[in-house]
Structures are given as structure tokens and as C-alpha cells.
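Q: Sequence:
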Amino acid sequence: MYDLPPQVLRAMEMLNAAGHRAYLVGGAVRELLRGRGALTDFDLTTSARPEETERVFSGFRLVETGLKHGTVTVLMDGLPLEITTFRVDGTYSDGRHPDGVAFTPSLERDLERRDFTINAMAYHPGEGLIDLHGGREDLAAGLVRCVGDPARRFQEDGLRMLRCMRFAAVLDFRVEEDTGAALLGSRALLDGIARERVREELTRLLCGPAAGRVLEAYAPVAAQVLPELVPAFGFDQRNPWHDKDVWHHTLAAVDAAPATPVLRWAALLHDLGKPACFTLDEKGVGHFYGHGEESARLAGEILSRLRFDTDTRQKITALVALHDRPIVPERRPIRRLLARLGPEGTAQLIALHRADNAAQSPLAAGRQEELDRARAVLDQLLAEGACFQKKDLAVNGRDMLELGLRGPEIGRALDRCLEAVLAEQLPNERGVLMKLAGESMG
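Residue 380 in UniProt numbering sits at position 380 of the sequence shown, and the numbers go up by one each step.
Since the hints were derived computationally from the structure, they do not count as laboratory data.
The hints are all genuine.
Pairs of lysine-lysine, DSS-like flavour, derived with a Cα cap of 30 Å:
{"no.": "1", "residue 1": "435", "residue 2": "390"}
{"no.": "2", "residue 1": "391", "residue 2": "435"}
{"no.": "3", "residue 1": "244", "residue 2": "283"}
Construct all of the structure, not just a fragment, from the sequences and the given hints.
A: Here it is as C-alpha cells:
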């Protein structure tokens with residue numbers, strides 16, 4: 001017996017009382033078996049047709065989220081429950097969605113259409129666990145395995161390949177051998193998948209604890225959607241600061257970065273420009289002058305192609321562009337970073353530098369202490385309420401008007417004040433800054 005929210009139990013009871021079968025299914029069952037609490041996503045599958053489901057829950061708010069696929073969302077005391085009729089899927093002519101679905105009275109038929117065994121289990125408090133495809137065994141073994149023929153599952157919906165990799169990365173599982181072979185052999189199907197769907201799955205994959213291992217094992221699949229990765233594969237850096245090729249350095253940096261979308265994407269993309277910028281000096285040592293800017297350019301193209309929003313794209317590309325520039329752990333340089341990136345961006349840049357250094361040879365170990373000092377300086381400046389933008393100045397546009405400045409003169413005077421404060425030449429005090437601005441009138 002699993003501890004389910006009262007809304008879930010009530011929904012099943014209401015469907016049962018109306019003469020229908022109903023089961024918890026999918027990810028919630030998987031997570032309950034893993035002992036995870038505080039679940040928020042619950043899917044039910046039922047023998048009730050959509051119109052029958054709507055009648056049973058007529059006293060609740062209903063959202064017709066996917067009636068043609070048999071899905072009705074019921075809001076029960078603030079908890080959304082997706083309730084879907086037992087169904088079998090038709091053909092997938094577009095490799096993304098079934099052309100049609102047929103409702104079935106059979107739970108067994110419904111479960112066999114699902115993607116992976118760990119997601120193809122159902123549960124009812126009175127009947128216990130229904131596991132027809134070995135999902136519980138695969139869960140215990142840490143395996144992601146397709147239900148039935150893996151090549152067919154991937155042909156039905158090519159996004160399942162990235163979902164497979166995402167589950168392996170997030171759960172720290174291995175991909176079952178036949179499923180892995182089909183994953184590699186079917187990767188061309190990803191060409192027809194909407195970029196937004198690719199973005200979402202890749203982001204979740206990247207934030208998993210085993211992201212690096214999974215990307216290494218299925219690098220050709222990753223390269224199918226991110227061909228810019230290919231030049232990094234096996235690229236020898238020929239530099240004492242690096243004991244890995246560009247690709248394996250990148251994977252190590254991904255794993256070392258905090259598991260947030262911006263930082264994991266920045267880590268994945270930070271060295272894309274290295275192969276194009278590679279030079280050898282007279283001693284045979286490799287260098288990559290300008291690779292930060294080139295990597296940022298490539299990153300921008302990738303993020304645009306994957307339909308990232310402008311704000312996220314700008315944050316990631318800024319981090320990539322600055323990842324190879326030393327961070328001096330002193331007040332003035334950190335103030336300038338704050339002026340450029342803001343508090344969050346500056347903290348992220350320090351974190352990216354830490355991940356990058358952690359993925360280098362032991363020679364880079366000393367840099368981590370510098371980055372610790374840089375973070376301490378950042379924290380001190382923020383605790384002091386340090387000024388790093390014009391809006392933080394003790395003077396503003398109205399003060400400039402009082403001095404008789406007009407139009408562009410106001411902006412130039414405020415820029416001069418900010419520059420003086422950032423350089424710690426003057427304190428952020430109104431009287432001092434008014435005097436400086438007044439001098440600019442001459």
C-alpha cells in the first residue's frame with residue numbers, strides 16, 4: 001500500500017463507484033516504487049470514456065486537455081489529475097504523434113503501448129501493482145528498457161530517444177543493450193522532431209546527475225541534434241593544463257557544474273570554438289586564442305535554433321564568452337563583472353569557471369582557491385549593497401536636471417559617476433557625485 005494523496009484515492013473511488021476501472025499509471029508509480037515522496041504529477045488511466053469521465057467529475061473543474069486522445073484533466077482540491085481512457089495508438093506517420101487512437105476496455109493493451117518498462121506499470125490500492133513488462137525488475141536493476149520492440153517505439157515517436165537518454169541521466173540508470181542499439185540506429189528520426197521538444201528533453205538530460213556518462217555513451221545521438229559537437233570528439237588539446245580531449249573535458253565540466261539549465265548548457269557549449277581556434281606554438285603546445293568568442297557565437301546559433309527565449313540565450317552566451325577570461329579576486333574587477341552580468345550572472349560565471357577548472361589537469365587545482373576568494377569578494381560586495389549599476393547610484397536623472405544638464409548630457413554624467421564608483425575612486429555619496437557631475441558641465 002502506497003501513501004497517495006486523498007484526491008487521487010477519491011478520484012479512483014469515484015470512477016470505481018460509477019462502474020469503471022481506474023489505476024494510477026506512469027511516472028507516479030515509478031517514483032512511488034523508488035520511495036520518492038512529495039509527488040505533484042499524477043496520471044490515471046481508466047476504462048471510462050472521456051464523456052463518462054466528465055460525467056463522473058461534473059462537480060469539479062474540468063480541462064479538456066486532450067479529448068481526442070481520451071484525456072480529461074480534473075482539478076480536485078487544487079491538484080490536477082490527468083485521467084485518460086485505456087487506449088491503443090494508431091500509426092505514427094509523422095514520427096511524433098499517433099494519427100489516431102482507439103479506446104479499449106483492456107488495461108493490458110494500454111500498458112503495452114507505453115514507452116519504457118519503468119513507465120508501464122499501474123497501481124490500484126485494492127489490486128496492488130500491475131507490472132506486465134518487468135518494470136519493477138528493471139527499476140531495481142537501474143535499466144531503461146523499451147516496451148516491446150525498441151526500434152518500433154522510436155519510430156513511433158523519435159523524441160523517445162532523448163527521453164530514454166534523459167531518464168538514464170536523471171535516474172543514473174543504464175540503457176538496456178537492445179534499447180541502446182536501437183537508440184544509435186534510429187537517431188536520424190530526430191531530424192523531424194520540433195526543436196522546442198528537443199530543447200526541453202536536452203535541458204532535463206543535462207541537469208541529470210549522470211549527464212556526462214549518458215552523453216558519452218550516446219554521443220552520436222547528441223550530435224544528431226547538436227552537430228556542432230562533432231569537432232570536439234577526440235580533439236587532442238596538446239596542452240599541459242588539459243589531460244582530456246575537448247569532448248571529455250566538456251563532459252567533465254558538465255558534471256562539475258551546478259545542475260541548473262543555464263550553467264549546464266554553458267558548460268556543454270563553452271569550448272565549442274576550440275577546434276577552429278587551435279594553434280601550436282614553437283614548442284608544440286596547443287593554444288586556443290579567441291575560442292571564448294567563437295564558442296559564444298556557436299552557442300548563440302544553437303540556442304536560437306532550439307528556440308530558447310532571448311533572456312536565457314543571452315545569459316548562456318555571456319557566460320560562454322567570458323569563461324576563459326581570468327577572474328581577479330579583487331573588489332574593482334568583481335564590481336565590473338557585476339556591472340556587466342548582475343549578481344546572478346557573476347555568481348554563475350564563477351561557478352562555470354570552477355566547473356571548467358575541475359575538468360582540467362591537476363595543474364589547474366590552484367585556481368580553485370582564487371575562485372573561492374572571488375566568490376567571497378562578491379558576497380561581501382552584495383552584503384554591503386555595493387553600487388554596480390546606474391540605478392544604484394546616490395544620484396539620478398532629476399539630480400542632473402538640477403545641475404542644468406539636459407538630454408544626452410545626463411546619461412554621460414551618470415556614466416562618469418558610475419565609472420568612478422566602480423573604480424572605487426569615489427564613494428557612492430550624493431554630494432561627491434553631484435560635484436563630479438557638475439565638473440562635467442565644464
